[in-house]
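Q: Protein chains in written order, with our numbering: chain A, 1 to 75; chain B, 1 to 341.
I should point out that these hints are in silico values taken from the structure, not numbers from a laboratory.
Where a beta carbon is used, it is the ideal one built from N, C-alpha and C, also for glycine.
Please note that the accuracy of each hint is not assured.
Chain A is nowhere near these chain B residues, computed Cβ spacing over 10 Å in every case [stated by the list, open to error]:
1) Q28
2) T94
3) N141
4) T306
5) Y318
Just the calculated beta-carbon pair ranges, DEER-fashion [unchecked claim]:
6) B:K49 x A:P62: 39 to 45 Å
7) A:P62 x B:K75: 27 to 33 Å
8) A:P62 x B:D64: 31 to 37 Å
As a plain string of letters, each chain reads:
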Amino acid sequence: MKTKKLNKKGALKESIEHLENQLPLFFKNPEIKEQSAKIDVSNFLGLDEFPVYNSKRSACRPCYKPISKIHFINE
Amino acid sequence: MNKSNYIRLFANCIPVKGAKNVIVCDIQRSTYFEIDMVLHDILVAHSNKTIEEIIEFYGKEYEDEILNQLDQLQKEELVHLTTENHLFPKLDLTWETPSVITNMIIEYGDYFQEKETEIVNDLIKLGVQYLELRFYVDVSNETLQNILQSIQKTKIVGIYLVLQNFPYEDIDKFLIENQRVMSILLSNATDAEDERYKDYNKISVVKHKIVNNKNCGIICQNSFQVNLDLFTESQQFNSCLNKKLSIIENGDIKNCPSIPEALGNIKETTLTEIFDSKEEDVNKYWNITKDQIEVCKDCEFRYICTDCRAFRESDNIYSKPLKCNYNPYNGKWEDNLRGSK
Numbered sequence: 001m002k003t004k005k006l007n008k009k010g011a012l013k014e015s016i017e018h019l020e021n022q023l024p025l026f027f028k029n030p031e032i033k034e035q036s037a038k039i040d041v042s043n044f045l046g047l048d049e050f051p052v053y054n055s056k057r058s059a060c061r062p063c064y065k066p067i068s069k070i071h072f073i074n075e
Numbered sequence: 001m002n003k004s005n006y007i008r009l010f011a012n013c014i015p016v017k018g019a020k021n022v023i024v025c026d027i028q029r030s031t032y033f034e035i036d037m038v039l040h041d042i043l044v045a046h047s048n049k050t051i052e053e054i055i056e057f058y059g060k061e062y063e064d065e066i067l068n069q070l071d072q073l074q075k076e077e078l079v080h081l082t083t084e085n086h087l088f089p090k091l092d093l094t095w096e097t098p099s100v101i102t103n104m105i106i107e108y109g110d111y112f113q114e115k116e117t118e119i120v121n122d123l124i125k126l127g128v129q130y131l132e133l134r135f136y137v138d139v140s141n142e143t144l145q146n147i148l149q150s151i152q153k154t155k156i157v158g159i160y161l162v163l164q165n166f167p168y169e170d171i172d173k174f175l176i177e178n179q180r181v182m183s184i185l186l187s188n189a190t191d192a193e194d195e196r197y198k199d200y201n202k203i204s205v206v207k208h209k210i211v212n213n214k215n216c217g218i219i220c221q222n223s224f225q226v227n228l229d230l231f232t233e234s235q236q237f238n239s240c241l242n243k244k245l246s247i248i249e250n251g252d253i254k255n256c257p258s259i260p261e262a263l264g265n266i267k268e269t270t271l272t273e274i275f276d277s278k279e280e281d282v283n284k285y286w287n288i289t290k291d292q293i294e295v296c297k298d299c300e301f302r303y304i305c306t307d308c309r310a311f312r313e314s315d316n317i318y319s320k321p322l323k324c325n326y327n328p329y330n331g332k333w334e335d336n337l338r339g340s341k
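Same shape as in the complex, but just chain B:
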C-alpha cells in the first residue's frame, strides 16, 4: 500500500456511527459492514490526511495494525486509494418523489364496495406507488380479483397482500396474471398450507392469526433494508410514516393503521379531501427523523431501519419504538427478536 496516497470510502459506502458500534452502509450492494470505531475516525475525521500522516498521528507502533485494517477494507471493496482526494465528492443525499402519497395501506372492510371507485380514483390522483391490502377475514376469489382488476388502472407498481385464506387453486396462474403482487402473507396457516407454498418466493405463511393492526411495529434485523431510497429518505423524513396514508377496517383514515389519531372516515369524505383540508394533521409524523428520536439517534442502524411511531415507549412523540429490543449502548439485542421473521 502506497502510504503517500489518501484512503477514501467509495461514495456509495457511507459510515453510520452509533454509541458503541459503527457500520458502513453499502447502498449499492445492499449490505452493511461493521467496522471498528478507530477505523471510522481514520476514514471520516482524518479523511484529509495521507496514510503516512494518519500513521504519524496515531504513532508508529500502530502502523501494522492500521495498514492491516485498511487492507481489509480494500479487499472488501469499501475504499480506494487516490492522490487526488478532492476529486471524489460525497453523494447528494436529498430524497424526492413525484407522489403525494407513496405508500397506502387499506384494510378491507364493509365500506369498501360502496367507496371502491372513489378510492381507486384517489390512488391515481395521489400517485400512490405501493399498496398493502389487508384482509382480516376470509376473502372470495371474486372479491379479490375485482379489487386487483380495478387497481390495474392506477400507477401502483407493487401490491402486498395480507390474507387469511388464499382463494385460488392455480397459484402460478394467479401470480402471472397479477404481476404487481410482490408478496402475499398468509396468516393462520395450517401445516398443509405451509407445505403447499414453501417453494413460492412471493408467498410467506405464518401460523399466528393476524386479526388486527396491533401485530405491527416489530423492529428486527430482517426488517432492515440497505438502499439509496431508504437511506436518503431517512435523512430528512420519518422512514415509516412519510407519505403514507391508511384506511382501516371501519373506514377511518389514518397516517398509519396502528396509530390512534383518525383524520376522518372514508364513508363521509375522500382521501384527497382529507389531504387538502388536513395536511398538517396528515403529515404530523412525516418529518420526525431517526436523528430526533431518543435512543435511535445513537443507533448505527438508524438509516436502514423503518421507524415506528404507533408503538412507543412513552407518550413522548420522540420516544424509542416499543417493539425494538436493540440497545445501541451495548450493541446487543436483548431478546430473541434478532433474526425473527
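With the rest of the complex left out, here is chain A:
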C-alpha cells in the first residue's frame, strides 16, 4: 500500500501561519497591552456600582412592537 509522501518538515506549520493571517480578529490571539486610565464615574448617574456588568445600561431596549396603540392618536 502506497502512502502519500508528506510535505517537507515545517511546510504544514508555515501554511497554518499563512492561514492564521487570514482569520478574522476574533480567532486570533492578539497581544494585549494593558492600559490604565482612571475614569471618574462618581458623577455619572448612568453607571451603577458594578463596573463589570453595567445592568442599568445593558438591560434596556425598546419593544419590537407597540405595547398598545394608545399612543397613536388622531389629533
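Position chain B against the provided structure of chain A, taking the given hints into account.
A: Below, chain B alone, put in the same frame as chain A:
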C-alpha cells in the same frame, strides 16, 4: 444581467401578497417596498426558473420590462443572482420567547399601593419584558419614583409611561436615572409643555386628554413595525394580544385593558394565580393570527401591523379591527388616519 442565472430575494426580504398590492418586508433594514403583482409572481411562483426561462414564459415582447424591473430590485438590494438556487433556504419563521408574559399594561389605581409587592414579584415570575404604565390622573414625583424603583428588581427591559403630568423639573436627570424608560406620552399637554419637550426623542405630547383605555386601537401606518420578532410572531400568534396581560384602573385583570372580559380582580387574586387557574381564558385571543381575520387576511401589511381584537367591526371574534381604515381591496386609506400620530 446574465440571463442564465436564477434571481432570488435575500432571505430577509420576504414578499407579502395582499388582494391588490404586494410588499417586500425587509426585516433586517426595517423597511418595506411596494412591488408589482407580476414581479411577485416572478419572484415566488417562478423562483425555480432562470431569468431566461422567465422571459420565455411571459413572452419575448416583455423582456426589456422584466429585465428593467429585476434591475431595479437589484439596485434596491432586495435580490441577488445565483447559479446555485438550491443553496439559499428560506428563513425559519418560528417565534419563541422564554417569557410566560412578554408585555404587561398596568393602569395605576387605588389597588396599587396595597398590591405593589405582589405585582412586582409576579412581573419577575412571569418574565415580563415590557411594561406600559398608565396614569389617568396626575402623579406625584414620589409615587412615580417609588414605582420605578421597585420595578428595577424585575427583568423588564423597556418601560412606557402614559402621564397626565411630568412631575420632574430636571428631565435629563430623570431619563439618565431611569434608562429603562423608553418612551413617555404626556397627555393633555399645553403649548408650553409642547415647546419644553420638543427636543426629547423619548417624550411625545398630545393635547388630547387620555382619560381611559377607549383611546386605544387605532391602526395607522405609524404603528407599523418591520422586524423579525413581529413578523415571526404574527405568523403563529395574535400580534397585539399574544402573551399580554393587563391590570386596569379598578384592579380588573384582563388580556387587554380595552376588552370587556375580566379574568379576575387583583384585590382578590394574583397574576400568577390567574394564569395558572384560567390559562384558557387568558390566551383566548393569543392564537388568532392575521391570516384568520376577515379583510386583514387579504392585506399586504398583515405581518407588520399590530392587530386589535378589542374594537372590532362586529361581535364575530374574527372581524376586522374597527379603527383600521385601510382597504386592501383598492389599496387606499379611506380617511385621514394615514400618517396620523
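Q: Can you give the numbers of the hints that this structure goes against, from lowest to highest?
A: Violated hints (numbers, rising): 4, 8; every other hint is consistent with the structure.
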